[in-house]
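Protein chains: 2
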Amino acid sequence: MIKNNFSKYIDVLQGEITSALEKVDGLGKFKKDVWSREKGGGGLTMVIENGKVFEKGGVNVSKVHGKLPKSMAEMFKTKDSDFYACGISIVLHPKNPMAPTFHANLRYFELYENGGLKDRWFGGGLDLTPYYIFENDIIHFHTKCKIVCDKYNSSFYKNYKKRCDEYFWNSHRNEARGVGGLFFDYCRESKEMSIDRWLLFIKDMGQCILDSYIPIVEKRKKTDFNNININWQQIRRGRYVEFNLLHDKGTLFGLKTKGRIESILISMPPKVKWNYDFKTKKGSPEEKLIKILESPKNWV
Amino acid sequence: MIKNNFSKYIDVLQGEITSALEKVDGLGKFKKDVWSREKGGGGLTMVIENGKVFEKGGVNVSKVHGKLPKSMAEMFKTKDSDFYACGISIVLHPKNPMAPTFHANLRYFELYENGGLKDRWFGGGLDLTPYYIFENDIIHFHTKCKIVCDKYNSSFYKNYKKRCDEYFWNSHRNEARGVGGLFFDYCRESKEMSIDRWLLFIKDMGQCILDSYIPIVEKRKKTDFNNININWQQIRRGRYVEFNLLHDKGTLFGLKTKGRIESILISMPPKVKWNYDFKTKKGSPEEKLIKILESPKNWV
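Going down the list, the protein sequences come from chains Z and B.
Residue 265 in my numbering is what sits at position 265 of the first sequence, and the numbering runs on without skipping anything.
Residue 127 in my numbering is what sits at position 127 of the second sequence, and the numbering runs on without skipping anything.
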């Protein structure tokens with residue numbers, strides 16, 4: 001059964017990811033926070049704070065079910081439906097401004113009408129938000145994403161990369177949140193892709209979370225930085241907050257449907273600054289980042 | 001003419017407020033930033049950063065006009081209309097966590113159809129967001145608000161205080177942003193209140209901005225504080241960000257209608273923290289604040 005298979009898989013993946021991250025950190029440990037949802041289900045939120053490498057990070061598994069909330073029923077053009085949803089989501093804010101912030105999630109959704117399965121699909125993605133541009137890091141990240149995509153369909157990488165750029169767009173600033181990655185949703189059974197094959201794709205993505213990000217943070221955790229870099233990191237984190245609170249459908253949906261606040265807003269960076277009308281210097285590495293965010297480019 | 005009268009008044013008030021705040025600060029000076037709006041009008045944003053008392057603050061006057069944006073036309077059930085809007089808005093984030101954050105705005109709106117004046121009204125308000133509760137400060141603030149209201153109508157204070165509590169409600173946290181103040185809108189000519197009398201009311205509110213807040217910040221800028229207090233202030237400022245980006249109609253409308261980003265987001269606090277699931281200690285002054293925010297009380 002796809003549902004049970006994926007549900008067990010994300011528990012294992014949560015353990016693997018948190019172990020791998022603790023190794024990278026060398027000092028910080030994840031704390032476990034078990035929670036339950038009044039209307040059905042619950043989750044396990046794992047949080048690291050004030051580590052040596054990770055200033056703040058969350059690896060959250062949630063498995064919820066029950067009556068489909070009204071706003072979702074409207075979206076899916078159904079009524080009196082039940083749902084089951086489970087997923088894993090990861091947000092990591094490293095201390096070193098040379099190391100990028102990382103976000104990923106993998107999720108599965110089932111919709112029931114009159115007690116029977118009506119629809120089901122996978123969704124998810126992963127993306128990188130650097131403060132300073134190390135082109136080889138970004139190429140590595142996108143290459144890892146592309147390799148997994150290409151294994152399943154030669155059009156996946158191009159499509160999912162594009163959707164990622166479109167989704168993580170801070171429209172009020174006319175710039176991308178970061179340098180992208182992949183974004184996919186409504187991955188349903190089709191002639192080309194059985195639901196079992198989607199499950200394999202999603203599991204490969206789970207491995208890709210580790211393969212794409214860990215080598216980057218391993219390298220960048222050792223890169224020198226100064227107070228100017230920290231200041232810039234905290235200003236840019238403000239843009240991350242703006243995206244998540246103004247535009248991120250997941251965050252807004254979670255808050256509207258009375259999801260668990262602390263697990264939703266675990267994505268908020270630990271220390272953030274808003275300076276009035278901050279300008280980057282001509283020819284600076286800070287300006288280089290902005291130029292790349294203003295017009296997303298192809299990395300592989 | 002009401003429009004010209006109020007338009008000139010907010011320029012004068014901007015000068016008075018910034019002078020008064022510079023005196024309170026003793027070190028920081030406001031910088032002027034003149035801007036113009038592509039589709040008509042512009043403004044003068046005055047910003048103070050890294051002062052002795054004010055870590056960040058903005059006093060912004062804007063005067064804009066043109067075709068009514070589509071979203072507003074729908075709201076006001078009109079089409080092919082023109083508008084004129086002007087106002088002053090103030091947000092102050094003091095350095096000392098014992099001094100509250102302050103917000104106020106006064107605004108005037110005119111709507112035209114077929115070249116003729118169709119509707120016009122005043123709006124605005126002022127409110128206080130403390131990090132620590134000094135009851136006498138809050139009573140002073142609300143008393144100053146009530147005195148102005150009572151001069152015009154004995155029901156104003158009660159109504160506008162209630163609307164303030166309702167408006168500045170962080171629904172996803174089930175708590176108020178701060179300890180309230182006044183919120184009024186669509187203040188139109190009526191039997192009881194001519195538009196000239198509304199103008200007098202608004203000007204008294206302008207004076208009230210100075211009378212209500214300045215004495216509080218004068219007192220609290222000298223109050224001792226420690227790192228625990230700063231930490232708490234920065235965590236609470238996170239709630240301020242959450243309100244402004246998730247719920248504040250003015251901010252969201254400004255961003256949607258492509259207003260000037262830096263003048264809109266000048267309200268963002270300078271330094272902010274998000275810790276995972278921060279808990280206050282039983283019997284602590286931090287817990288006292290939360291309890292008050294969870295069920296807004298009457299202060300006068």
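Keep in mind the hints are simulated off the structure, nothing from the lab.
Since the structure is predicted, the reported quantities are computational estimates derived from the model, not experimental observations.
Even glycine gets a Cβ: it sits at the ideal position worked out from N, Cα and C.
You may find that some hints are simply not true.
[Unchecked claim] Here are the simulated DSS-like cross-link-like pairs (lysine-lysine), alpha carbons at most 30 Å apart as the crow flies:
1. Z:Lys32 to B:Lys288
2. Z:Lys279 to B:Lys32
3. Z:Lys79 to Z:Lys249
4. Z:Lys256 to B:Lys77
5. B:Lys70 to B:Lys31
[Stated by the list, open to error] Here are the in silico distance ranges between beta carbons for each label pair:
6. B:Ile261 to Z:Ile214: 27 to 37 Å
7. B:Ala73 to Z:Lys219: 50 to 60 Å
8. Z:Glu74 to B:Lys297: 31 to 41 Å
9. Z:Lys291 to B:Asn4: 22 to 32 Å
10. Z:Lys249 to B:Ile261: 14 to 24 Å
11. Z:Asn153 to B:Thr257: 49 to 59 Å
12. B:Lys222 to Z:Glu74: 49 to 59 Å
Next item on the list: Hint by hint, work out which the structure violates, then give me just those numbers in ascending order.
Entry: The structure breaks hints 5, 9, 11; every other hint is satisfied.
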